[in-house]
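Chemist: In order, the protein sequence lines correspond to chains A and B. The working numbering numbers the first residue of the first sequence as 9 and each following residue consecutively. The working numbering numbers the first residue of the second sequence as 5 and each following residue consecutively.
Don't read these hints as lab results, they were simulated from the structure. Even glycine gets a Cβ: it sits at the ideal position worked out from N, Cα and C. A hint or two may mislead.
[Stated by the list, open to error] Rough simulated footprint, nothing fancy, chain A against chain B, three-plus residues with beta-carbon under 8 Å:
1. 29-36
2. 55-64
3. 178-188
4. 208-221
[Said to hold, decoys possible] Some chain B residues close to chain A (C-beta under 10 Å, calculated; not the full set):
5. G41
6. V202
7. L205
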Amino acid sequence: MDPEVLAIQPGAPEPIYRQIGEQLRRLICSGRLAPGEEIASVREVAGVHAINPMTVSRAYSQLEAEGLLERRRGKGMVVAETRRRLLSEDRRLEQLDTGLRELARHAHELGLPGRLVLERLQRLLENEDERESDLR
Amino acid sequence: MNVNLTFVESPLACQDIQKHFGSIQVLNGITLTLLPGTVLGLIGRNGAGKSTLIRILLGLQQPDSGQSFVLGDRSLAMGDAVKSRLGYVPQQPDALGWMRVGDMLDFVGCLYPRWDREFVQQSLLRWQLPPSSPLSKLSPGERQRVAIIRALAVRPDLLVLDEPAAALDPVSRRDLLREIAVRAAESGTSVLFSTHIVSDLERVASHVAFLHEGKLLLHAPLDELGDTHARLTVPAEAKGTLAARVAGELSRRRRPDGSVSLVIARQSDAPWPLLAADPRIRLDHLGLEDLFIEVAG
Chain A
9 MDPEVLAIQP GAPEPIYRQI GEQLRRLICS GRLAPGEEIA SVREVAGVHA INPMTVSRAY
69 SQLEAEGLLE RRRGKGMVVA ETRRRLLSED RRLEQLDTGL RELARHAHEL GLPGRLVLER
129 LQRLLENEDE RESDLR
Chain B
5 MNVNLTFVES PLACQDIQKH FGSIQVLNGI TLTLLPGTVL GLIGRNGAGK STLIRILLGL
65 QQPDSGQSFV LGDRSLAMGD AVKSRLGYVP QQPDALGWMR VGDMLDFVGC LYPRWDREFV
125 QQSLLRWQLP PSSPLSKLSP GERQRVAIIR ALAVRPDLLV LDEPAAALDP VSRRDLLREI
185 AVRAAESGTS VLFSTHIVSD LERVASHVAF LHEGKLLLHA PLDELGDTHA RLTVPAEAKG
245 TLAARVAGEL SRRRRPDGSV SLVIARQSDA PWPLLAADPR IRLDHLGLED LFIEVAG
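Looking at chain B on its own, in the form it has when it is part of the complex (with noise of 0.2 Å):
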């Protein structure tokens, strides 16, 4: 699926992000382009940037350079069209507060057009969250459910989550991937969330981005990933057949046992690289978490 979107047509794009802190470069030419009514699952490991780019792509942080825009306008001025259309989970919701959660969510409702007072109220009793509590008296798990809800409130046309997972039970989670599952189906609701939980990212996603040091090092539709993705497992004996990079190449891992292997990338209609026709040479199709622990690992 390489359909070129302008960054306006997509609901969320940036172009070749670079960010430090300090010295340390934590992305380093990211561009990405959320198509519109897919849901994209970001992985990466602790501190890969994930929370990062997502700040950057919804204008909450400047990047060093490059551009990064939200429904068609600049994500750093972002006008309140764009915004009543945006929901957003951050990763440790803190704001307002010192808010009664009920206090919180009428107040935040009246700036949005199509705030689903219904939703609301449904989704406290089934989360089992009382109107009437401080904010600052919940658990962590307790507070990002009220900003899920927040968030889906909105009826979004985007809607972005920070690691949504990280504080929820397994029954909360079950029940937040389910309501992206059926606003994705009903709304065509764009949806983008980073997780470092797989089956999750399995279930819910219809793509798959991985952040790996500052780059993304694959971005491709979940259901081919199978197909268009695998392992090249390359003994002691045969490296001398190995270039210094080959077609696709995705990462190269040094073994104990003197053996490289390689995860390599092709179009779907596309033959694996030669050196695969090798008989020394081993081909495995790698599951998600298989395929990210051996690119990230």
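Chain A extracted, bound-state conformation (with noise of 0.2 Å):
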């Protein structure tokens, strides 16, 4: 991978770790970046964008929990083999990133706890769920 795909903007509201973490998560997703194909290094990437590595890693280590990234002993990071199975859902469940994290930070600022947020999110998830089945 060569790290002048990302493109790195300081000053916008999104955290460079960030940027960093969605650029390569849509590059492994439309299969730009193909299962065991080795990313650009912390170093290299730190270097090219003058960024602080430790920010490059940061968002490295949160692709890799995902499991879109797999460390090889020898090799640097590469693009998760098993990424195929893990797809589908995990990748459902990318979409609503954006919206639960601002409803977790809505529920923040409102100083209400999770459980009573988890308990409503549950319940509607249960109606959407009957409005369904109604429909059939």
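Each chain sits in its own coordinate frame; assemble them with the hints.
Modeler: See below:
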């Protein structure tokens, strides 16, 4: 992977580690980065874009935790082979990320305990399920 | 990231530094610890005391009270071993100004065991600095580039730069940031740099500190700033709900329309103060530049 494919914007509301995460996620999901393909090292990305290396490794660790990247001995990080299995549900869940983050923030701002929010969300999800079965 | 390092373990630290010039209190109780391997960007307005703080941290100036340490040594009594691991770029480099560029770098290089001659050659070429020019004939930007080469050639464990971007053109500035990023990645170099160019800081810093009116208003990991800091806007009609001091309050500003804006800090897993739940009160997450303007404006 050429580190130049990433576009970094300091000053954007999205922190740089999230910018890197989002862009790699898109590259992996669209297949532009194939399973097994080595991604640019932390040092390369930090050097090319003049950004802090910890920011880059934070993004990589997050993608690793999501199962999109794998650490290979001897090599650096590669795109995970297993992604096909993970992808469909993960990818759909990903679409919710922004909304969920917003929701979490609002709940926080309102000082609402997570338990109450989750109960409410659960009920809303059940309503949706019912509505769907009614329609059938 | 609340690591309590002793001063001896930290690459650069100070405690309760006070300094005044005449009747002006420039630094009023500054306590700061640079974590190993981090890049700390120090922002403050002109005259906020950034250079004074840096000079005190490095033992180039004496504080009225308080103490500071560089790589485990007291700043005012730094040993040669520590000096050889320190790279420093002053705001206006003027040392050895009567020498030629190449001679000065050769001379200084003899004092450092890890001096990187190859890096010096390459950098002089890349930055178009003729070794035979007398330093006194260089422009301020060229002078600064020589000082940066000198500081980096040491292969320092601790790199301190005082407004390095001030006289640099955008290309050299990017070169410098790249160099800082690579050093941090490859050698775990700890870095402190002061600047007023917020985008430089957003790129390369891992941590940020605000110096304002003699105090450090904020010292936080850059990535978490958006989650841990926000502005509350309290309209005039809701001012009754406002306590004399709100938990985590960093600054308070009265606006022309009678509303009040507060900057609030919280731990990353703590809730916002109850005040934020009032529907009349607006909570905004700010970028670094806006946050700085709000706090220091």
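Chemist: A separate judgement is required for each hint: does it hold in the structure or not?
Modeler: To see whether the hints hold, each was checked on the structure:
1. 29-36: Our answer is that it is violated, as 0 residues pass the Cβ test (under 8 Å) against chain A, missing three.
2. 55-64: Violated: only 0 residues of the region 55-64 of chain B have a Cβ under 8 Å from chain A.
3. 178-188: holds (count 7)
4. 208-221: holds (count 3)
5. G41: Where the cut-off is 10 Å and the nearest Cβ of chain A is about 8 Å from G41 (chain B), the hint holds.
6. V202: Since the shortest Cβ distance to chain A is 7 Å, the answer is holds.
7. L205: holds, 8 Å
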